[in-house]
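Chains as they are written, first to last, in the numbering used here: chain V, 320 to 691; chain R, 320 to 691; chain U, 320 to 691; chain A, 320 to 691.
Note that these hints are calculated values from the structure, not bench results.
Do not rely on the hints blindly, as some may be mistaken.
Listed next, the in silico DSS-like pairs over lysine-lysine satisfying Cα-Cα at most 25 Å (straight line) [stated by the list, open to error]:
| # | chain 1 | residue 1 | chain 2 | residue 2 |
| --- | --- | --- | --- | --- |
| 1 | V | K682 | R | K659 |
| 2 | R | K576 | A | K576 |
| 3 | A | K530 | A | K394 |
| 4 | A | K530 | U | K576 |
| 5 | U | K659 | A | K682 |
| 6 | R | K396 | R | K530 |
Stretches of chain U that chain A covers, calculated by requiring three or more beta carbons in the stretch to come under 8 Å of a beta carbon on chain A [unchecked claim]:
| # | segment |
| --- | --- |
| 7 | 331–341 |
| 8 | 669–675 |
Glycine included, C-beta positions come from ideal geometry on N, C-alpha and C.
Protein chains: 4
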Amino acid sequence: MIVVMKADLPAQSPELARLIALAESFPGVSTSVHRIEGRTRSLTEVYLLGPTHALPSRPFEEFECVEKVVRITQKYKFIGRHEALDAVGFEHNGVSISQDSFHLFPGVCAVDTRENLDSMFRSIAAAGIVTTRAGAYKPRTSPYDFQGHGGGCLPWVFELAGKHGIRIISMEVTHESHIDEILSALREAGNPTAVMIQIGTRNAQNFELLKAVGQQTEMPVLFKRGMGITLEESLNACEYIASGGNRRIVFCLRGVKSHLGEPHRNFVDFAQVSVIRRQTRLPVCIDPSHSVGRRNAAPDGLMDIFHVTAQGVIAGANMVLVDFHPHPETALCDGPQALKLEELPGFIEDTSICRAAYLERTKRAALRAARV
Amino acid sequence: MIVVMKADLPAQSPELARLIALAESFPGVSTSVHRIEGRTRSLTEVYLLGPTHALPSRPFEEFECVEKVVRITQKYKFIGRHEALDAVGFEHNGVSISQDSFHLFPGVCAVDTRENLDSMFRSIAAAGIVTTRAGAYKPRTSPYDFQGHGGGCLPWVFELAGKHGIRIISMEVTHESHIDEILSALREAGNPTAVMIQIGTRNAQNFELLKAVGQQTEMPVLFKRGMGITLEESLNACEYIASGGNRRIVFCLRGVKSHLGEPHRNFVDFAQVSVIRRQTRLPVCIDPSHSVGRRNAAPDGLMDIFHVTAQGVIAGANMVLVDFHPHPETALCDGPQALKLEELPGFIEDTSICRAAYLERTKRAALRAARV
Amino acid sequence: MIVVMKADLPAQSPELARLIALAESFPGVSTSVHRIEGRTRSLTEVYLLGPTHALPSRPFEEFECVEKVVRITQKYKFIGRHEALDAVGFEHNGVSISQDSFHLFPGVCAVDTRENLDSMFRSIAAAGIVTTRAGAYKPRTSPYDFQGHGGGCLPWVFELAGKHGIRIISMEVTHESHIDEILSALREAGNPTAVMIQIGTRNAQNFELLKAVGQQTEMPVLFKRGMGITLEESLNACEYIASGGNRRIVFCLRGVKSHLGEPHRNFVDFAQVSVIRRQTRLPVCIDPSHSVGRRNAAPDGLMDIFHVTAQGVIAGANMVLVDFHPHPETALCDGPQALKLEELPGFIEDTSICRAAYLERTKRAALRAARV
Amino acid sequence: MIVVMKADLPAQSPELARLIALAESFPGVSTSVHRIEGRTRSLTEVYLLGPTHALPSRPFEEFECVEKVVRITQKYKFIGRHEALDAVGFEHNGVSISQDSFHLFPGVCAVDTRENLDSMFRSIAAAGIVTTRAGAYKPRTSPYDFQGHGGGCLPWVFELAGKHGIRIISMEVTHESHIDEILSALREAGNPTAVMIQIGTRNAQNFELLKAVGQQTEMPVLFKRGMGITLEESLNACEYIASGGNRRIVFCLRGVKSHLGEPHRNFVDFAQVSVIRRQTRLPVCIDPSHSVGRRNAAPDGLMDIFHVTAQGVIAGANMVLVDFHPHPETALCDGPQALKLEELPGFIEDTSICRAAYLERTKRAALRAARV
């Protein structure tokens with residue numbers, strides 16, 4: 320059972336303390352207070368754990384400070400909407416991410432040279448973007464492929480990010496030790512930027528790693544859907560993270576493996592954007608680069624990567640992780656799918672049209688609903 | 320080899336006759352003239368068949384009336400773009416359908432009662448739409464399910480269509496005899512409307528039926544992708560139709576079977592809209608109803624059916640086949656996925672926003688390309 | 320409800336007539352008598368159709384001639400086992416096919432020359448085999464591939480079959496007209512052999528063709544599983560055939576399309592042999608050639624085609640459809656998967672070991688069950 | 320390039336030293352000696368690493384002690400057969416495992432109580448089997464499912480194993496720390512048994528864990544194929560392990576996720592047994608329990624679990640991992656697929672028939688090959 324408190328309740332509210340005391344007076348029931356600091360307001364939720372199925376909701380609803388009491392019926396205990404909860408999202412290093420926000424994360428799939436990264440960040444910054452992706456630890460299908468520069472590049476990656484005003488870097492980790500490596504490197508660099516930890520598709524069911532990123536709360540987690548598993552299994556994997564304590568999770572669709580999606584690298588699964596928004600409180604990211612995997616364009620002059628991005632955005636996606644590279648032909652990883660820096664303004668223009676159209680769609684839907 | 324003539328060349332052009340004579344003077348080479356009557360202009364293409372790989376293109380290019388000579392290198396001989404051909408489309412009963420047009424085909428999955436169909440057509444007409452879907456022959460997974468009213472309902476279906484000014488009905492056939500049944504019924508009713516023949520996903524590789532619909536040219540063909548086969552195999556199936564003589568084909572995406580697409584009925588494959596537009600000359604249709612299969616809505620108030628439609632349209636889809644029903648709860652087929660008549664204006668409003676956004680996207684892309 | 324009569328009940332039994340009269344005395348109930356002529360005994364089943372859920376079984380069980388009364392609870396009305404029925408099979412041109420029998424059907428995928436077919440049949444006959452496959456009508460993914468010789472080759476195909484004592488040829492049809500073509504050609508040739516009609520994987524949901532082969536009873540039907548559909552959907556397709564009147568159906572597994580089965584041409588699905596035997600009364604065939612698609616051998620000296628055949632047989636498969644060709648390198652269709660004529664004795668030897676092992680497995684299982 | 324030495328070459332052979340010196344005299348070439356101790360003989364291979372493509376093979380072939388020189392052309396550098404290498408396998412705690420051996424590993428999916436494990440081991444031992452499975456660390460799709468007893472149960476698990484003479488326990492690890500936990504527990508218990516580390520399907524591309532198990536050589540590794548990835552990707556994952564130094568790897572097929580395999584829990588992929596044996600040097604294991612997932616039996620009295628086991632064994636599988644449980648109805652994990660202890664003798668009898676048939680098949684194949 321979740322008791323949602325009214326907005327902006329002080330953390331030290333005596334009424335809150337009384338409510339917790341009441342809850343814990345029921346045999347076997349414990350509580351866990353979850354506070355979400357959003358950009359414009361804060362939200363407090365009290366989770367009642369244990370044998371709560373027989374608990375009355377009335378005594379809790381009667382508290383002045385309570386907005387609503389929600390019974391948890393679905394399987395996604397911590398990430399689920401339970402048909403009543405809002406998807407409030409979170410704020411990280413000044414950037415607000417929720418089911419209502421929209422951010423582009425253009426960047427390099429794998430960090431290679433300082434010069435390339437500098438060019439990349441400069442282009443992003445010039446376009447007014449403060450969020451990016453940059454991989455230091457790369458899981459590769461073959462042990463003989465480039466595996467990323469590892470922790471060694473972190474100092475200059477963070478330094479460059481700070482120089483260009485980048486506020487969040489989405490960065491994949493493949494081992495729990497990377498969490499501390501990243502946090503240490505950030506600290507040593509004077510926290511010039513912040514990191515969102517990325518769980519790649521190959522580790523989508525690496526439960527030990529999920530627990531590790533769930534037990535730290537310094538960094539939010541971008542979880543990429545598993546390649547050959549159902550959406551439900553992937554959402555259960557997010558539940559692992561959330562149940563560890565970290566609920567600042569973004570769910571990223573990136574296509575799945577199937578011959579039915581050819582000639583694309585993966586079968587683009589962005590039709591599930593609205594499903595995740597309905598079933599969970601998680602903001603939804605799309606990764607058009609790994610989905611499509613190549614730069615072919617339609618006769619209308621727009622590359623497939625632009626088209627599938629448009630498809631995610633028009634359905635309400637909140638984040639776009641997209642591969643760029645100053646020199647795709649020399650990229651050490653996934654060059655064939657990288658956009659060129661000079662294509663960034665066009666990409667932004669294109670996604671802006673789609674985001675505006677999405678907002679218009681929801682505005683009109685609200686008007687229609689109001690008329691009924 | 321295809322010789323594309325300049326627009327609006329008269330069918331009886333003596334220059335055309337000379338070109339054909341020249342072509343046929345090469346040993347083993349025969350010709351086939353293909354004339355496409357578009358809304359605003361007509362186009363003539365001369366196919367040179369036989370051992371044309373050694374043919375020089377120069378003598379043909381020198382004709383005054385020739386726009387270009389295209390060597391066929393890809394596998395999709397008749398439907399392919401061969402990287403040089405335009406996707407001119409076709410006109411049927413006054414409605415123009417091409418890779419540049421956009422039409423909604425709302426309608427009933429299966430015709431049931433006269434009253435329901437009358438309501439359906441009235442709503443469509445009221446919205447200014449002249450294209451619909453209405454199934455008389457229904458292939459069903461189990462022999463014990465409702466199989467459609469068959470040819471018996473055609474007289475009143477066509478009569479009602481005429482009454483409401485419907486110009487095209489997309490109608491599935493499952494047997495070659497249905498072609499004549501439909502043509503006869505149209506004739507007997509005084510051709511109050513026209514039909515686009517639909518090949519369902521279960522018959523996507525029923526080559527005998529494909530040949531049959533390809534050998535008639537009175538009606539264009541809407542081909543629905545096969546459920547468990549690759550896009551390439553489905554395009555090869557369209558090539559069967561086209562090689563029979565009928566090149567007025569629309570390719571319809573409708574989702575494919577995979578557990579990875581759950582909770583949707585099928586795995587939505589609309590990311591391939593731009594692929595088909597690139598590889599072939601075929602207009603692309605999407606069927607959001609059979610893809611999604613249910614009426615769930617996202618928290619933004621828009622049903623998944625609206626969202627996936629938006630995804631197809633924002634990427635350039637030219638047609639939308641969508642299930643409506645006056646009383647979905649009593650529909651004899653696929654009721655759970657049908658929209659209600661009162662939802663039609665909202666659906667039109669929503670798709671209009673997306674179509675406008677798509678056109679804006681292509682306009683901006685053209686401007687960007689011009690700047691380079 | 321199905322009333323199973325005791326074995327060898329005469330068709331004109333007065334008791335049977337009384338039972339039918341009793342059944343039809345219930346309001347809305349009609350009957351359909353189904354007689355199965357097996358090699359050693361005949362079986363009569365009376366299907367009670369209509370509102371039978373409220374029918375008492377007692378009055379029917381009391382008839383002397385009744386073995387048992389089975390309530391139909393599953394979806395596979397005509398092909399299902401309903402947890403009580405035996406899988407009696409059928410006899411065709413002196414060959415008995417059931418869930419207890421075992422036959423090899425080696426042959427050519429597509430008939431090409433008279434010489435090749437003569438060699439093929441001679442080899443089979445020399446090995447003591449009287450059942451084969453030979454395709455005259457070939458459905459091909461591309462319209463530009465060899466489509467088979469069609470009806471024109473039937474006279475000499477049947478003549479050669481007769482010459483070599485072939486009793487059954489499994490032959491794919493892709494159009495209902497082929498049924499009559501085959502029957503006429505057989506008749507004109509003096510019925511020197513018999514045909515089992517084959518429905519290919521691409522027509523697995525061509526319901527009109529299924530109805531057509533179901534409405535004739537001269538020839539049994541070999542149904543090949545659809546490539547991208549579930550087993551349940553394929554079994555429903557067989558139910559179409561059976562509900563038309565023809566219950567002499569063999570279900571053939573031939574692999575399904577999936578990248579997960581690479582490097583084999585299709586994902587071998589022979590683990591479902593026992594599922595079909597449990598759920599239905601149909602004998603089960605396997606097609607190792609189309610499943611595997613190539614001639615690679617394991618280090619143990621046995622080709623993958625031999626190994627997957629062994630896998631089907633060890634689990635109880637009743638038929639093996641396998642491609643051979645006198646000159647695979649010149650075959651017009653599927654040459655890369657064809658075995659050579661000189662490999663036939665080895666193939667027979669190998670499958671015999673497996674069949675013997677399967678029989679031994681069931682014998683031991685019965686002994687173990689008896690001990691409990 | 321791999322130089323395979325003649326069998327039983329002493330590790331200190333001066334000729335070997337000269338060969339290594341010769342190899343390292345080529346610029347940039349280094350060597351790595353790999354010694355395989357088999358049950359009856361030992362084998363030495365010298366890997367020449369670096370720019371070996373231009374190296375002559377002749378000077379190496381001329382050494383008296385050299386059996387053959389193999390150029391590595393395929394991608395599976397360390398696990399590949401390269402069309403010339405034997406699959407020699409390895410020995411662990413007195414048990415020899417190779418592409419020629421055959422072992423049953425019946426056991427519990429997850430360790431629950433001491434009593435149950437004692438019963439389990441007693442039954443196995445009574446049947447003369449010394450190899451088993453027993454899971455202490457269980458990765459589960461939902462965080463709210465039983466996750467295994469973890470390291471705490473290892474002391475009594477190993478003690479019981481020793482008591483019953485169990486020589487190898489296959490045990491899944493989900494975190495690198497489990498390796499040391501297991502080794503310590505074994506040591507503390509006085510090494511009464513040995514462990515084969517199991518990598519589960521969900522960690523099939525957890526490359527950090529693969530590296531960790533590859534860098535230790537005390538325990539061999541049983542690698543379970545990834546659920547939604549191709550066979551090639553799974554074999555690349557094994558290459559990760561092997562490239563770390565540990566080449567004592569067994570590849571385990573356990574079915575893959577696909578709706579096409581229904582009603583089985585997973586789509587059984589045992590047709591790939593012969594593929595793995597051809598492409599790699601790895602012994603092949605099958606896991607019928609996780610593939611099938613339920614206890615349904617065919618009308619021949621044999622459960623599907625028996626049938627798919629038979630299918631793996633008849634094609635040459637070298638190991639069978641199979642779930643048993645003294646009380647399946649109370650098992651904390653995967654109870655529905657567990658066989659009962661009293662079914663063990665039948666299972667052994669059934670697989671013995673299949674193994675004998677497999678050996679007979681290969682014997683006959685060798686005779687046929689000798690005749691040609």
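Against the structure, the hints come out as follows:
no., hint, result
1, V:K682 - R:K659, "21 Å, holds"
2, R:K576 - A:K576, "13 Å, holds"
3, A:K530 - A:K394, "18 Å, holds"
4, A:K530 - U:K576, "33 Å, violated"
5, U:K659 - A:K682, "21 Å, holds"
6, R:K396 - R:K530, "16 Å, holds"
7, 331–341, "violated (count 0)"
8, 669–675, "holds (count 4)"
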